[in-house]
Structures are given as C-alpha cells and as structure tokens.
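Undergrad: Listed here are the chains, written in short residue letters.
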Amino acid sequence: MRTRLAPWLTLGVPTVFLVALFVLPLLSMLVLSVWRTENYHIVQDWNLRNYWVLATDGAYATFLLRSIAMATAVSVICTAIAWPVAYGITLYGGRYKLLLTLGFAVPFLTGEVLRVIALQGLLGPVGLVNGVLMSLGAAPLRAIMYTNVASAIGLVYLYLPIVVTVIYLSLLNFDQRLLDAAKIFGASPARAFFEIAWPLNLFGTLIGFALCFIPCLSATLAPRFLGGPNGTLYGMAMAQQFGESGTWALGAAMGVVLFALSIAAVFVAFRTVDLRRTGFTGFGRG
Amino acid sequence: MRFRPGKIALIAAVVVSYLFLYLPIVHIGLASLSRNSSFPYPPHWSFATMSRLLGNSLYQTALGNSLLLGVLVATLSTALAGAATIGLMRHAGRKTTLFLALFIAPLFVAEVLLGISSLIFSGLFLGLQGNLGSAVLANVVHCFSYALLIMATQLYRYDWRLDDAAMVFGATPARTFFEVTLPLIWPGLLGAFIVTFIMAFNNLEISFYLLGATPTLPSVAWGALRYGVKPELYALATCVNLVVLCVLAVMFVLMRTGLATFGHRPERERAAV
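Sequence order for the protein chains is A and B.
Per the numbering used here: the first sequence = residues 2 to 287.
Per the numbering used here: the second sequence = residues 947 to 1219.
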C-alpha cells in the first residue's frame, strides 16, 4: 500500500485540516446566525429574525451600501494605479525589476495596525499633510480628517501593494515577446497594451481586484481610525457585535451576509469572462 | 532617443506610488527618532521614545508571544502547503481543480470573517478558551493559502522526471523526497516560511478574536491606539518596518547572488525592450 500513502499524506492532510478549521467554522457561523442572543446568552431557536433585522433596520442597509460603494471605489482606484505601475516595472524595470516589486511588498508585510498608525501620521490632524499646509500658512485640509475620503485613501494605501504584486506576477508569466511582435508589425504602444497585454492578463487583474475588494468590504481597522462619525462600515459594525454589544448571533448573520457578498462578487467576476482567453493556464500542467 | 510620453507616464506612476507608500513610513520613522514628534522637520534627534518603547515590559512580553506565534504558524503552514503543492502536482489527477479551489478558498474570505467564524466554532460550539494555540491554528488557515501560492510559482517549473529517475534507480519515496526534491525546492519553502512568518507576526484581525488574554504586538498596539496615537506607536511601527526591510534585503541579495531563487525565474527576463 506504499503507493497510496503519498496522495493521502499530500492531499488528505491539508484537506482534513481545512475542513476542520475553515469549513466547519464557516458552517458554525451559519448556524449561529439563525439563533439569537439575549442578555449575552445564546438562545437556540431557529428563525431568520437576525436577517429580518438586517434587512429592515435602515442603519445596517446604509452601512452595507456604504461598504459596497467604498470597496468598489477602492478596488477600481487600486487597479487603475496598479496597472501602470506593474506595467512600468515590467517594461522599464530592467535588472531592478525584482527589487522594485519587493519594494512594494515591504509596506504590505508590516501589518495592518502598524500601517494604520503610519496613515495617522500622514492624514491625522497633526499629520504630515496638514503639518505642511499649516507651516505654509494655509488652512488644514478638512476633507482628510476623519472622513470617508480618509478611509478610502487609507484602504488604497493598505491594498495597493497586493494588487501591484498580483498584476506583476501575471505580467511575469505573460510572454512579452508578443508585445515585441505587435510593435514589429506596427502597433503603437497603446494599441499593443489594449489588444494584447490587457486581455491576456485579465485573469490576473481579476484576482488582484478580488483580493482588494474582499478585505475592503469587511474592513474594520482603517475606517475605525480614519473614518469619522459618518464612516461606519459593515465590517466595523459586525466587529462591534462581537465586542461591545455582545450580540453574537446578529454579528454572525452580518458575517454570513458579507461572506455571501464576497462569493457573489468573485462568482460574477469570473463568470463574465472566458477564462481560457484571459491567460489562465491552469495549474501544474506547464 | 525620441521622446516617449507613454514611457514617462509609466515611470512617473511608479515613482508617485512609491512616494505614496513610503512617505508615511519615513514620516513616522523621523517622528519616532526626534523630540518634536508631531512635525519633525527638521528633526531634533533623540532616542528617548525608542528607549521608552524598548524598556516597556508589556511590549517585551508581546514581542515574545508574537515571535512564538509567527514561528509556529510559519512552520505549520509551510509544511502543509508544501505537501499540498506536491499533492496537487503529482497525485491529484483530474481532481486538481477541486482541490485547488478548496486550498485557495481562504484567500477569498476576509481575515475578520476567519477570525469571527473560528471564534464562534471554538469558543461557542467547542467551548474552548482562546489562547495562543487557537490563534495559531486560525492563522495557519489564512497563511496556508499564501504559502501554497508562493510554492506553486516555485514548483511550477520543477522537473518531476528527476524524482522518477531516483525511483527507477531504487530510491524509496521518502529517500527521493529528502535527497532529490527537498534540496531543489528549499528556496520556495524558505520564501513561504518568511512571508507567512511576517504575516502571522503582524496579524490582528484573525488573532484578535482567538488570543484570549494573550498579548501580541499588534493587539497591544491596537489597544494603545484606542487612546490616541502616541510616539511609542510610531517607534514600534518603525522597528517592525526596519526588520521587514532587512529580511527582504537579505532575500534580495540571496536572489541576486544566485544562492536561491524564491520562485523568481531569471530565464524569463525580456531579451530586448
């Protein structure tokens, strides 16, 4: 039975691990979402009242819409910035390509809390931007102090590195001789980009978009410190159910809503494009 | 050389993004090393903040816990992801897509959701108290997928005929793994280990819900942040930034000198621009 041991060890163990610690917790969240919490105790009666509250209470609907708008805007901005950056690095980075890409990974790897602290240093009332403005004798910029704009800048700052890295990796696997071929046949750089580079890297772009959209949708840290009184996002409200208010069941229902939304977003994104025409080469078949 | 607006625009985009990413980091670095911490231009150098941070016993305990968490998570997730990558490429057959979908699914679930669902599962359904162990397990779920991606890029080009050759000459699967496969793939494993270590070390959104009363650096920083930003927090962020910068610099030097590739394939470099 020696030949059967390797597949079990290499595929079975990770599968069991993920089912036990990833799938089961998500299922338990689903179960908890149809129970209810009363005076910090869980009451096991099966109904959909939590979802009814979420659907009818205007505040939660506002938070959700605001979160979706914020996540969409931030992901679009990140993709729009990341593409020229990654494209610029692959085209003109030369021998420093790797260094330039690693440079983008440094901020990503220093942790969300510490980066929020750094952002406070940039945007806060006594931060860099307002400090410069005030030392020049100008009025401080109110738009970036505890507003949704500040949250958006913060989220772009937090997730730009990963979008750049993903698009760069996609471009690395993309055969750039195709661009050279296009230029030899007389295509302008812009045309080569729109007809070759963009469609063939659409899959990587979608992954980057999803990896920005999903965490933004349930962002808790950045809006809490950078957003103002009108900046409560859905993820933040959800975290509060598990902290201050102690209404775990309602929080679980919010978690299910967020999870369903993320899955729906990914599903829609990957259904609208034909994967085989977007540079998706499968896995391990090279 | 003729004027190329496209080239200039692309390079400008790179430079501006770098400024955007690094300005806050440099700013708080200067702020943590000077007496006039709120607007350090020009800085009046002083190490008072740094020494206050380093002398604080709460931060020392937290640092120890964070290091332990990072090492455990990195070891577990690298080992699991290494096994999973080999399994996907060698043994999955027609079920590759199915397994791959399960293995990278955690990437598409937000960290805070992983934290909350693990809290519900272990705290409510299993009735366990949160501690470092539960935080490690929950973090491994998230880091596993990242480690898998890093190793997949490295092993994508691995020539499995080498393994077959070893087996043909009578090596057992275990011996083949330790004498052929492992020596060839260790840079990928090391890369995955470093990245997952850094991720777990800095994680708050998963760990926060599972740590119980155990302090780690991010949770202590988060607690302090609620009472306003203090210069010590700038100093803490600066220290972590410096360490990460050093680690990546070492990785870069290793890659440049050809000692390790970490999934980077120089032969794919462009021949001509």
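These are computed hints drawn from the structure, not numbers from a lab.
Among the hints, a few may not be true.
Partial list, derived from the structure: chain B residues whose beta carbon lies under 10 angstroms from chain A [unchecked claim]: (1) ALA959; (2) TYR964; (3) SER997; (4) GLY1001; (5) SER1068; (6) PHE1071; (7) LEU1095; (8) PRO1129; (9) ILE1144; (10) GLU1151; (11) ALA1167; (12) TYR1180; (13) LEU1194.
Restricting the straight-line Cα-Cα distance to at most 20 angstroms, the calculated cross-link-like pairs of lysine to aspartate or glutamate (DMTMM-like) are [as the list claims (entries may be wrong)]: (14) A:LYS98 with A:ASP176; (15) A:LYS184 with A:GLU196; (16) B:LYS953 with A:ASP181; (17) B:LYS953 with A:GLU196; (18) A:LYS98 with A:ASP181.
Over the 12 angstroms line for every Cβ pair with chain B, so calculated as not near, a few chain A residues [what the hints assert, rightly or not]: (19) ARG50; (20) TRP53; (21) ARG67; (22) THR111; (23) ALA144; (24) ILE197; (25) LEU201; (26) GLY244; (27) VAL257.
Glycine included, every Cβ here is placed at the ideal spot set by N, Cα and C.
Undergrad: If a hint holds in the structure, say so; if it doesn't, say that too.
TA: Going down the list of hints, with the structure as the test:
About 4 angstroms separates the beta-carbon of ALA959 (chain B) from the nearest beta-carbon of chain A, less than 10 angstroms, and the hint is met. Nearest Cβ of chain A to the Cβ of TYR964 (chain B): about 7 angstroms, under the 10 angstroms cut. The hint holds. Of the supplied interface hints, the one on SER997 (chain B) is violated, with its beta-carbon coming no nearer than about 19 angstroms to a beta-carbon of chain A, more than 10 angstroms. For GLY1001 (chain B), the interface hint is violated, the least distance from its beta-carbon to any beta-carbon of chain A being 20 angstroms, above 10 angstroms.
Interface restraint check for SER1068 (chain B): the shortest CB-CB distance to chain A comes to about 8 angstroms, inside 10 angstroms, so the restraint holds. For the restraint placing PHE1071 (chain B) at the interface with chain A, the shortest Cβ-Cβ distance is roughly 5 angstroms, inside the 10 angstroms limit, so the hint holds. Proximity of LEU1095 (chain B) to chain A holds as hinted, the smallest CB-CB distance being about 9 angstroms (cut-off 10 angstroms). Given hint, PRO1129 (chain B) at the interface with chain A, is violated; its Cβ is 18 angstroms from that chain's nearest Cβ, farther than 10 angstroms.
Taking 10 angstroms as the C-beta cut-off, the interface hint given for ILE1144 (chain B) holds, the closest approach to chain A being about 5 angstroms. The beta carbon of GLU1151 (chain B) is positioned within 10 angstroms of a beta carbon in chain A (closest approach about 7 angstroms), and the interface hint is therefore held. This hint holds: ALA1167 (chain B) has a C-beta 5 angstroms from the nearest C-beta of chain A, less than the 10 angstroms allowed. Here the hint on TYR1180 (chain B) is kept, as its CB sits about 7 angstroms from the closest CB of chain A, short of 10 angstroms.
Taking 10 angstroms as the C-beta contact cut-off toward chain A, the hint placing LEU1194 (chain B) at the interface holds, the least distance being around 5 angstroms. Of the supplied pair hints, the one linking LYS98 (chain A) and ASP176 (chain A) holds, its CA atoms being roughly 16 angstroms apart against a limit of 20 angstroms. Of the supplied pair hints, the one linking LYS184 (chain A) and GLU196 (chain A) holds, its CA atoms being roughly 12 angstroms apart against a limit of 20 angstroms. For the hint pairing LYS953 (chain B) with ASP181 (chain A), the CA-to-CA distance comes to about 15 angstroms; that is within 20 angstroms, so the pair holds.
Among the hinted pairs, LYS953 (chain B) with GLU196 (chain A) is consistent with the structure: their alpha-carbon atoms are about 18 angstroms apart, no more than 20 angstroms. For the proposed pair LYS98 (chain A) and ASP181 (chain A), the alpha carbon gap of about 19 angstroms is at most 20 angstroms, so the pair holds. A cut-off of 12 angstroms between C-beta atoms confirms that ARG50 (chain A) is not in contact with chain B; the least separation is 18 angstroms. Distance to chain B confirms TRP53 (chain A) as a non-interface residue, since its nearest Cβ pair spans about 20 angstroms, more than 12 angstroms.
With a least beta-carbon separation of about 16 angstroms from chain B, ARG67 (chain A) lies farther than 12 angstroms from that chain, consistent with its non-interface assignment. At roughly 5 angstroms, the least C-beta separation between THR111 (chain A) and chain B is not larger than 12 angstroms, which violates its mark as non-interface. No beta-carbon of chain B comes within 12 angstroms of the beta-carbon of ALA144 (chain A); the shortest separation is about 17 angstroms. Every Cβ of chain B is farther than 12 angstroms from the Cβ of ILE197 (chain A); the closest lies at roughly 14 angstroms, confirming the non-interface assignment.
For LEU201 (chain A), the shortest C-beta to C-beta distance to chain B comes to about 15 angstroms, beyond the 12 angstroms cut-off, and the non-interface label holds. Not every C-beta of chain B lies more than 12 angstroms from that of GLY244 (chain A), the closest at about 9 angstroms, which undercuts listing it as non-interface. Not every CB of chain B is more than 12 angstroms from the CB of VAL257 (chain A) (nearest about 9 angstroms), against its label as outside the interface.
When held up to the earlier numbered hints, the structure conflicts with 3, 4, 8, 22, 26 and 27 and fits the remainder.
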